[in-house]
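**Q** Using our numbering, read the sequence shown as starting at 182 and increasing by one per residue.
Keep in mind the hints are simulated off the structure, nothing from the lab.
What you were told as hints is all true, and nothing was included just to trick you.
Cross-link-like lysine to any residue pairs, in silico, SDA-like; alpha carbons within 25 Å at most:
#1 Lys292 - Ile330
#2 Lys697 - Gln676
#3 Lys455 - Phe427
#4 Lys222 - Met201
#5 Lys331 - Ile313
#6 Lys481 - Gly525
#7 Lys322 - Pro379
#8 Lys646 - Gln621
#9 Lys749 - Ile759
#10 Lys646 - Asp695
#11 Lys788 - Glu688
#12 Lys285 - Ile367
Between beta-carbon pairs, the in silico distance windows are:
#13 Ala626 - Lys740: 43 to 49 Å
#14 Ile715 - Ser398: 46 to 52 Å
#15 Thr598 - Gln676: 15 to 21 Å
#16 Ile547 - Ala626: 27 to 33 Å
#17 Ile392 - Glu689: 49 to 55 Å
C-beta: ideal position from N, C-alpha, C; glycine also.
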Amino acid sequence: MIYGKVTGFSKVYALAYSQMGAEAEVWMVNTKTGEEILRFKEAVRYHEGGIPLSPIGALITAVSSALNIREIQKVRVVNELGWKLSEKIPAPAGRKAEARPLIKEVVSNVKEGPFGKGKVFKVAMEGEKGLIAIFEIGGFKKGLLMKEIKEGQYLGEYLSVPGDNIRDAPVIAYLRRSTGEESSFIDITGLLTIDTTPPPQVGGLNGRAFIDRLELSWIKTHSTELRGYRILRSTKPISGFEQIGFVEEERFIDNNVKAGEVYYYRIAAEDSAKNEGEQSEAMKLALRQKEHVVLTGEIKADLTLSAGIYIVRDEVTVAKGVILTVEPDSKFLCEKGSSIKVLGKMIANGKKEEWIEFSPKTPEDIWNGIIIDNGDASLLFVKASGARTALKFVNTPAHIQYTILEKNNTGVHATGTPSPSIAQSTIWHNSMGVLLDSSQTTITASDITQNKIGLQIVKSSPVIKEDNIYANEINIENPPTSPFDKGGEGGLTVQLDNNFFGTIVFEEMRFKGDIKVVTVLDDKYPNGKPVKVIVNPYSLLSPEEKKIKAAELLVSAGKYFRERNFGKAAAQFEDALILEESATTYYYLALSYQGMEDNDKALGFLKRGVEKFPLDSNLSKAYGLLLYQLGKDEDAKIAIKEALRLNPGDKQVKFILERLEGK
182 MIYGKVTGFS KVYALAYSQM GAEAEVWMVN TKTGEEILRF KEAVRYHEGG IPLSPIGALI
242 TAVSSALNIR EIQKVRVVNE LGWKLSEKIP APAGRKAEAR PLIKEVVSNV KEGPFGKGKV
302 FKVAMEGEKG LIAIFEIGGF KKGLLMKEIK EGQYLGEYLS VPGDNIRDAP VIAYLRRSTG
362 EESSFIDITG LLTIDTTPPP QVGGLNGRAF IDRLELSWIK THSTELRGYR ILRSTKPISG
422 FEQIGFVEEE RFIDNNVKAG EVYYYRIAAE DSAKNEGEQS EAMKLALRQK EHVVLTGEIK
482 ADLTLSAGIY IVRDEVTVAK GVILTVEPDS KFLCEKGSSI KVLGKMIANG KKEEWIEFSP
542 KTPEDIWNGI IIDNGDASLL FVKASGARTA LKFVNTPAHI QYTILEKNNT GVHATGTPSP
602 SIAQSTIWHN SMGVLLDSSQ TTITASDITQ NKIGLQIVKS SPVIKEDNIY ANEINIENPP
662 TSPFDKGGEG GLTVQLDNNF FGTIVFEEMR FKGDIKVVTV LDDKYPNGKP VKVIVNPYSL
722 LSPEEKKIKA AELLVSAGKY FRERNFGKAA AQFEDALILE ESATTYYYLA LSYQGMEDND
782 KALGFLKRGV EKFPLDSNLS KAYGLLLYQL GKDEDAKIAI KEALRLNPGD KQVKFILERL
842 EGK
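Using the sequences and the accompanying hints, generate a full structural model.
**A** Here's what the structure looks like:
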């Protein structure tokens, strides 16, 4: 058995001069007897003044910027010491050592890694001249040929291609004679990592304009080898992008911008192997206007309004065929009687954090609004207030989304076809929320609330779906129209299924005119679920008459309940609920459905009862017990705890809770 240890190591660096030395002791022991056979020390010391130590040193210095002369010196010291030690270790008696090819040293540019797509890994070897030289990269690539550049100096290269991925692989060089003798040598300068997998595409790019700079931010890219982000800019939307910066954080400030210029930005993530991910979508930005800009008269050519403050004076007309583009974070102060009339196209797409706003110049000024007249529009994250009609659409397929219309005489007035689509918007605190006249407008996933009239429909067949239309003085009005006049009860019948009107009782929905609803949402969209509308046959009774009728129904329902005629009992308990809600009615209605083994309906009425009468311990107890019976232990535990809080002395409730908590 051979043992060894390093007994000394020294290095001196002084400007261009360096000195390095190593000393090691080796001893050999007979493992059977424990007898020490030999022991010796060897030392190697090199010094130089900036000139390569050897031919291999010159070769590697030429091919590797990462491996400096002192690192080559370190390799030389270790290699030379190893050779000296091995020469003094005797061969076993009677055995002849193989005359294998001599390899003096092997070094590479492994320290330039990790190696990304298109990067070249190089390995150099010094040894016996005129032989076959190959190298391998762990178990990843084998049999890679090396070329003899000069006598005894071999150089091998490997170009990494897409799909190559290996981490911490040893590099081994081989020198072979034609007669079969072969030597191998491990590159001790490091382990090789090849990574050609690019990081993911940068997402969530946002920008903000100031009067003196443009700021970018984006979502952090998740990559274990992330090095940073390349910032690319162009004055064109598709081509001409050039790198203007490299950052490690998810933000960048561009101060080198000019007023009046439009810039497009893309971001690309880069990893430590310098693989570049797919570039982000382009972000368009321009400096904010320093001064207020007055808009008036006709816009005859395409125009982009960058972020800033604009004064709208008199009538501003966007001519037919012309596109007006409004950048995010733009504010329009509208003078009295002013308007924006679009015969061409208007694109006003704000952002969640940077709305586009239209408002009166002073609180007293009422402006006429935005009119899209046989043109087109795309409005996104727009706010409009203080107008006679905030948005008027005449024969246009305009698209409106994430828009807020408030404190106007009329929020939206749409007439003719094609008709606009409105989605995920809020229309509130107006005299008239939406007026549809001979229109096929689509309104979805929007809130129309706290207006005098929420939605007025005149000779129209709109699509009104998954909207929250509630808390208006009149939610929906369908006024009479000749020749469909029905004595003031409205004109064309309007279908309004699957919306939330604040109630599921038809008579409480604040409708005026001929309106048909079969199913409504039982809560605000998107949480509400479709349920059948309840028609209240007692809506015309006076409060006193309702109380008398409710009492009669409860007496009759109780009689049927005692007779175990649960079907008739449930029907009359439900009618009694329409007239007057009470905890007792909810309780016996649920028991009636339980008697018919309809536990889902029983649970639904108990839940509604608990919500309406949260201090009634009997309802909470019944709700908890039914949940427990149905195996819904977690919900049951919550309900039983509440029942025990309301009635701490209930032993049955205590027992059930102990059972639940013991599970």
